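J.: Residues per chain are reported as follows:
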Amino acid sequence: MTDLKFILRFLLLIVLQIIVLATFNFSQYVVLFFIPAAIICIPVRHGSIYALVLAFIAGMLVDFFSDGMLGLVTCALLPVAFTRDFLLKLIFGSDFFTHGEDLSIRRSGFGHVLFAVFLSTTLFITVYVIADGAGTRPLWFNLARIAASSAASTLLSIFTVNVLASDR
Amino acid sequence: MARGNEVTKIFISAAIFIVMEVAAISLLATSSTLHNIWLNRFSHRVMAFNWGLSEDVRGVFLLNRRNEELAMENHYLNEELRRYREMDRYMEEKSHMATSKGSFQYIPATIIKMSRNSLHNYIILNKGYEDGVQPHSGIISEKGVVGVVQAVGRRYSYGITLMNSNMNVSSRIGRTGLVATLTWNGVSTGSGILRNIPPHMEVNAGDTVLTSGFSFIFPPDIPIGVTGEMSNDDGVSSSVNVDFFQDFSALRFVTVVVNPFREEITQLEKGLEQEE
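Top line first, the protein sequences correspond to chains A and B. Quick note: the first sequence uses this note's numbering, first residue 1, plus one each step. Quick note: the second sequence uses this note's numbering, first residue 1, plus one each step.
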């Protein structure tokens with residue numbers, strides 16, 4: 001997949017994320033985010049600085065156009081971009097970086113990709129829920145929200161990986 | 001070389017991440033008062049932790065000096081405590097001191113050791129010739145006669161108590177004014193005998209026995225005990241039991257009675273004996 005195609009699809013996912021945030025508010029326990037999976041899918045050949053910049057831009061766009069607090073999504077998305085390389089190395093091995101491969105369900109296996117998406121999404125949701133609560137909500141509520149949102153967002157993120165992964 | 005580049009990349013990434021994260025957090029703080037308060041509280045906690053940590057680290061480096069300071073302080077406090085204890089003991093000795101009478105000198109003292117279960121019971125006091133104690137000085141308490149000093153060291157003195165078969169005290173029976181010699185009966189821990197009382201003299205039980213003052217050891221009218229039963233010894237003289245006022249088992253503080261003119265009196269006695 002060319003970089004231009006990737007950027008266009010990435011922007012499309014940002015727009016979809018904004019729509020999802022604006023539309024699907026059916027429970028205070030569940031927030032749906034597939035942007036962390038999009039960060040995971042950024043081609044590794046571009047390096048982590050590129051991922052950080054894209055994460056910052058994506059976060060700011062989502063913050064600005066959704067009905068949330070400015071900086072909240074950005075604040076949660078940047079740790080995902082920063083830990084992305086470490087996470088991918090941990091799950092797919094260092095060969096993944098040596099060959100400069102893109103994330104692919106067919107090559108890496110569905111289980112591995114799902115696990116990577118789950119970890120990055122959970123990291124994002126954890127930071128998001130804690131920052132969103134600002135110390136006012138009880139721990140049990142935060143934990144329940146993290147669990148429910150991580151599960152729901154991971155399932156939704158499989159669609160994101162399908163859109164951005166190099167299999168197409 | 002490749003590893004060095006990788007480390008540099010990680011550092012640069014970390015720096016960019018920190019800058020961006022700080023920017024995002026700043027935006028979050030400005031967009032909501034609640035978040036502003038929360039972040040301020042968090043930063044205060046971090047600052048407090050840092051200050052505490054730096055104080056701890058500083059404390060570790062200053063530990064040796066602090067230990068020396070504490071040791072010195074401990075030393076001074078111990079000195080002070082010792083002084084207070086000395087003062088306290090002196091005050092206690094003073095409070096137990098018998099009333100001064102006549103020209104005698106009174107020196108408060110504490111009993112270091114005392115025997116109570118032999119025929120020749122003795123007493124050791126914490127005052128010696130440096131404190132003014134002289135041999136043949138009387139030992140009394142606020143309850144009465146205790147004994148007589150026999151030997152004096154620099155800081156301690158040795159004496160015999162009323163419960164010693166060698167101890168004789170010139171005594172006077174309060175109501176009649178009869179003078180007799182009091183000795184220990186050698187059996188009981190709290191009673192003695194007044195001997196050589198003329199048989200025609202009647203002594204009632206319960207009369208107070210005091211020192212006569214006819215010796216240079218004790219001043220007159222120091223209480224000794226109360227009279228008990230009277231008995232006829234051999235038809236020529238009688239004896240009277242005396243129950244001591246002093247409870248020797250509960251004795252700790254005493255007063256040494258020193259006669260400063262004892263030497264002069266002794267010299268006079270010697271001179272008279274030579275003339276005769």
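No wet-lab data here; the hints were simulated from the structure. Some hints here could point you the wrong way.
To be verified - On the chain B side, residues computed to face chain A include the following (Cβ under 8 angstroms):
{"#": "1", "residue": "ASN5"}
{"#": "2", "residue": "VAL7"}
{"#": "3", "residue": "LYS9"}
{"#": "4", "residue": "PHE17"}
{"#": "5", "residue": "MET20"}
{"#": "6", "residue": "ALA24"}
{"#": "7", "residue": "LEU53"}
{"#": "8", "residue": "ASP56"}
Treat the numbers as computed from the prediction; the structure is a model and nothing was measured. Even glycine gets a Cβ: it sits at the ideal position worked out from N, Cα and C.
J.: If a hint holds in the structure, say so; if it does not, say that too.
T.: Right, here's what the structure says about each hint:
Nearest Cβ of chain A to the Cβ of ASN5/B: about 11 angstroms, over the 8 angstroms cut. The hint is violated. Look at VAL7/B: its Cβ only gets to about 13 angstroms from chain A, farther than 8 angstroms, so that hint breaks. Among the interface hints, the one on LYS9/B holds; its C-beta lies about 7 angstroms from the nearest C-beta in chain A, closer than the 8 angstroms criterion. Taken as an interface hint, PHE17/B checks out: its beta carbon lies about 4 angstroms from the nearest beta carbon of chain A, inside 8 angstroms.
This hint holds: MET20/B has a C-beta 5 angstroms from the nearest C-beta of chain A, less than the 8 angstroms allowed. Interface restraint check for ALA24/B: the shortest CB-CB distance to chain A comes to about 4 angstroms, inside 8 angstroms, so the restraint holds. This hint is violated: LEU53/B has a C-beta 23 angstroms from the nearest C-beta of chain A, more than the 8 angstroms allowed. Residue-level restraint check for ASP56/B is violated (minimum Cβ-Cβ distance to chain A is 26 angstroms; threshold 8 angstroms).
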